[in-house]
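Top to bottom, those sequences are chains A and B. My numbering applies: residue 219 is where the first sequence begins, and numbers increase by one. My numbering applies: residue 180 is where the second sequence begins, and numbers increase by one.
To be clear, the hints were calculated from the coordinates, so they are not data collected in a lab. Everything numeric in this text was worked out from a predicted model, so none of it was measured. Cβ atoms here follow ideal geometry from the backbone N, Cα and C, with glycine treated the same way. No incorrect hints appear here.
Short, incomplete list of chain B residues facing chain A, as computed with Cβ under 8 Å: (1) G296; (2) T423; (3) I426; (4) E455.
Just the calculated beta-carbon pair ranges, DEER-fashion: (5) G341(A) x E307(B): 32 to 40 Å; (6) L254(B) x L383(A): 52 to 60 Å; (7) K483(B) x L383(A): 42 to 50 Å; (8) V405(B) x H336(A): 40 to 48 Å; (9) M375(B) x K380(A): 41 to 49 Å; (10) T209(B) x L344(A): 51 to 59 Å; (11) L426(A) x E454(B): 24 to 32 Å; (12) Q220(A) x E307(B): 22 to 30 Å; (13) R360(B) x N388(A): 30 to 38 Å; (14) S202(B) x V280(A): 51 to 59 Å; (15) A380(B) x K374(A): 39 to 47 Å.
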Amino acid sequence: MQFLFSGLTVGAVYALVGIGFNITYNATSIINLAQGEFVVIGGLMMWFFSESLKLPFFVSVVLTIITAGIVGLLMERLTIKPLKKPDLLLMIMITIAVSIVLRGILMFFFGKDPYVYHSFTEGEPLSIYGAIIQQQTLWVIGITGFCIILLFFFFKKTIIGKAMLACAVNPTAAKLVGINVSRMVMLSFVLSAIVGAIGGMAITPISLMEYDKGPMLAVKGFCAAIMGGLGSNRGAVLGGFIIGILESMTAGYIHSGLKDAVALIILLLILFYKPAGLFVSKAMLQLRKF
Amino acid sequence: MKKEDLSAFIVFIFLIILFPVLSGGAYTLTVGIFSGINALVAIGLCILMGYAGQVSLGQAGFYGIGAYVSSVLSLHSGLPIVVSVILAMVAAAVAAMILAVPALRLKGHYLAVATLGFGEIINVILNEWGPGGPSGFGDIPHFGLPGYTIDSTRGYFYLVWGLVASVMFFSINLINSRTGRALRAVHDSEAACNAMGLNVAALKIRVFILSAAYAALAGSLYAHYVTFISPGSFSLFYSILVLTMVIVGGITNLWGAIIGAVVITVLPELLRRFEELDVLVYGLILTSSLMFFRKGLVPILIEKINKLKGFAFVKH
Numbered sequence: 219m220q221f222l223f224s225g226l227t228v229g230a231v232y233a234l235v236g237i238g239f240n241i242t243y244n245a246t247s248i249i250n251l252a253q254g255e256f257v258v259i260g261g262l263m264m265w266f267f268s269e270s271l272k273l274p275f276f277v278s279v280v281l282t283i284i285t286a287g288i289v290g291l292l293m294e295r296l297t298i299k300p301l302k303k304p305d306l307l308l309m310i311m312i313t314i315a316v317s318i319v320l321r322g323i324l325m326f327f328f329g330k331d332p333y334v335y336h337s338f339t340e341g342e343p344l345s346i347y348g349a350i351i352q353q354q355t356l357w358v359i360g361i362t363g364f365c366i367i368l369l370f371f372f373f374k375k376t377i378i379g380k381a382m383l384a385c386a387v388n389p390t391a392a393k394l395v396g397i398n399v400s401r402m403v404m405l406s407f408v409l410s411a412i413v414g415a416i417g418g419m420a421i422t423p424i425s426l427m428e429y430d431k432g433p434m435l436a437v438k439g440f441c442a443a444i445m446g447g448l449g450s451n452r453g454a455v456l457g458g459f460i461i462g463i464l465e466s467m468t469a470g471y472i473h474s475g476l477k478d479a480v481a482l483i484i485l486l487l488i489l490f491y492k493p494a495g496l497f498v499s500k501a502m503l504q505l506r507k508f
Numbered sequence: 180m181k182k183e184d185l186s187a188f189i190v191f192i193f194l195i196i197l198f199p200v201l202s203g204g205a206y207t208l209t210v211g212i213f214s215g216i217n218a219l220v221a222i223g224l225c226i227l228m229g230y231a232g233q234v235s236l237g238q239a240g241f242y243g244i245g246a247y248v249s250s251v252l253s254l255h256s257g258l259p260i261v262v263s264v265i266l267a268m269v270a271a272a273v274a275a276m277i278l279a280v281p282a283l284r285l286k287g288h289y290l291a292v293a294t295l296g297f298g299e300i301i302n303v304i305l306n307e308w309g310p311g312g313p314s315g316f317g318d319i320p321h322f323g324l325p326g327y328t329i330d331s332t333r334g335y336f337y338l339v340w341g342l343v344a345s346v347m348f349f350s351i352n353l354i355n356s357r358t359g360r361a362l363r364a365v366h367d368s369e370a371a372c373n374a375m376g377l378n379v380a381a382l383k384i385r386v387f388i389l390s391a392a393y394a395a396l397a398g399s400l401y402a403h404y405v406t407f408i409s410p411g412s413f414s415l416f417y418s419i420l421v422l423t424m425v426i427v428g429g430i431t432n433l434w435g436a437i438i439g440a441v442v443i444t445v446l447p448e449l450l451r452r453f454e455e456l457d458v459l460v461y462g463l464i465l466t467s468s469l470m471f472f473r474k475g476l477v478p479i480l481i482e483k484i485n486k487l488k489g490f491a492f493v494k495h
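Isolated chain B (complex conformation) (with noise of 0.2 Å):
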């Protein structure tokens, strides 16, 4: 890990144990709670986006197949929760590697569709033939270890950052790792890539997998913990929100999808006083942050502190 990176991740883990205590409220951590599990899904697209270079408009079908497999394992199978949100991840990489293999050969936005019309077909089975149909289910019982349930809110608000700087870690690690360095020379040219005797298309596929792993994690995560869940919450939509907050975060860095997840999941909470307003605002923020941070947050703000760092050198 590089030294940045490294005071970053303590600062990180910092904010993630302040947090409930500075603001006990339960509404508060339920939507840190949210956003918790949006940044897994976010921390995934951002590696295959802003590293692999590829658009994917499917994490909402990921995120569904962790859900549901995650939910009705617990429900009728009697394995452990930990154990179905396991195989839910297993679920979740299968059906990315069914459809990475042709769907990786596409580039550009033929590659956003074809993962878009995964996604909606994914949808569209769980309307159709996942339990309780487009209405859902319920009863899914709460996260938690054999023996040990994880029922209080601040409970699970560390259990969810946890394996969001779980994640985190694991993928800067992996970033910088041969693989990381690969998957960013993928990005510049795939053509000199395979000329060094890169297997271009199975990285491809491995943070395909990867990304459809994490979202699989978030989905499990999160029917355990709204306990009922429908084919509404695992839409189109949802990977259009998940890649918003990639971009308004910063594609280009891991911490930017943390960041444009938190501002993504907080911001219509923010604008619940503007009432029937509240479509139309969030869709002028979102236009102006695009149109005027266009690298995205995190990296201007590292632009800004590297150039307050510059003038504190000038002056010494």
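The following block holds chain A by itself, in its conformation from the complex (with noise of 0.2 Å):
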């Protein structure tokens, strides 16, 4: 019980970095590998925010998503727009080079300390069928919860919404009907900020953040978004959920250092045997560029 708690919230995060890369991939094609640095900003920028500024609870949250937010876009006007014919290695490795001019800038600012700050409501931890909580878990997984509603809302119900899918689903025909594609490819990177930010200031009171954690996120992240067939949101939740029960399982009961190995395992089973994911059917997976 108490593995599973502490799996749902790693998986929380990691489900919420899959989400990221599905806004991107699905608006564009690209895997922005840079995505786990926007959790690592939003960790670190709520530090600043709240504990060095003191700046109260709700106005640091703001300004740590209005900051993740124009990392994103700087980051898609600067590298991502110039470039006219997309040529998609070269994207990623683009990609892969921001999240290291990133890291240096958190790195510059930050130094190579672990930080870390109060748990969003104080309070003695819960006990729930025997497995000791912290309250900051339950707001790992809530927030996550809420953000996966609030996106699938926006893509069905708004019609920024719709547009940002029909972009997806073909460039071509969005522009002719009218949507300003450049934009919305801004915008899906600002949103796949702003959920991994999100992800970032929600798990920092338990895990710790440190410059160089993105990476790792990243690949998590992704395996979450690949184990559930790239490009469906309901999937990459699955998928973080999943590898983060299975990575929390194994370091209890098994062996603390397998637990990285044990997605890693999953994820090539089912790359050789349903290399769409658990929710993308073959045919769909016929129609992508990449």
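Could you use the hints to bring the two separately framed chains together as a complex?
Shown next, in the form of structure tokens:
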């Protein structure tokens, strides 16, 4: 039970990172490997606003989200947009390069130490079925759930959300019906940065945050997205939770050093036997460019 | 070998011979040795990506297998080091074969992810069950032939770059052979190759194995040079680093792999003076070089030279 909950907590962050991958992937076919850095930015900026500047909680949250959004925006405008003729491999390499830049900036401002701040609510840990659960754990899971529902409504019910989906399905057709594709691409980067940063803000009180945590988070989140089928948000959420739970189960029952391997072995098995992921059909896969 | 390649090759050999004579410092030579080791991995990945059109993010796994197998064998089995290096290459080749059969059915990013997963699993295995665990182990013997050990930096420089030259010679001939033409055809259209009766799958597997063997050779050279290894040197970051070398140098040209390896190895050394800003500056240089030299350094250089030649021709 204890491991289940700690798995759900990490899994929630993987799920958010996975969704971040999906948002940019759906709009641009780019795998944005700087996704993990957004999470780190969320955690560290939250620390900066709330602990260093002593701003109130909600102001800090809003400011962190805005900062992450700006980083996403700058990233798209400065590196992705200037490249007119996209070569996907090159684009992906550029996102790696950008992630190094971001890591350099974070290291310069925050140094190499891990950071932590108070949980969102103070209080005794809860006890559910014999498992001791910090209140922050519930916050992480709750916030993730809230984000997922919000994104679901965004893509199904709002005009902008639908327009973004349209770009994903067919950019040329989207352009023809008057959707500003370039703006949607920009928006997808902003949105994925915000989603990542929210994950970072929520997880930092539990697992600390340091400047070089990004790449591992990106790999795990990417595994989550692939597992569920790249492009499917439902899949990413489930993939994230499955990976999170299996990881903490392995760490708890077998050996802590093996936890990273388990997620990857499952990933390989899924790739070999059901490469489209658990939630995307073969037919959908063939429509994909990359 | 084509005429341009031959002249480039002769220049290359001269550079290798002259470099240690002109800059004798041990530090410069050491950076040179690491460039050469990285170049070996990059050449393998370049053939795989530029000619067979397959992306691998798992080269660090093969590099690690090479380093560990060769070190453990030379420490404990009493075999000559040359034999343990060859056995390390065989081990990596076998691992590549096992991975290749299911993985090369995958395409695009799925293949990249599968190889990434493989590399990370190797890393976890080395961390858990490798001698010394996460902190690694030392006292690995220096490279040498039976009865003769290469322990001078200059000697090792010649050894590493001599091997780079041989691997390069072999690879250039390979891509200009029937197999190489078939590979480029696979890159352009798999369906057409299948229709022409080429065994595409077997070709891809063979190139994958070749790139793994190159990486293992580099890994064992690394282990026998630094004489101390730990799993940290064989992580995903190394795979990404090699990928960066190939792309910066130019994916469509084997010489690009060497240039890219040298640039990416030397750059962090030059950036030491920026102290805590070095990561940032490295990232900025990488981003802008990817954005402004999109085809990679070598193909752009060749274009420039051809243009100059064109002008010269017009003048006459």
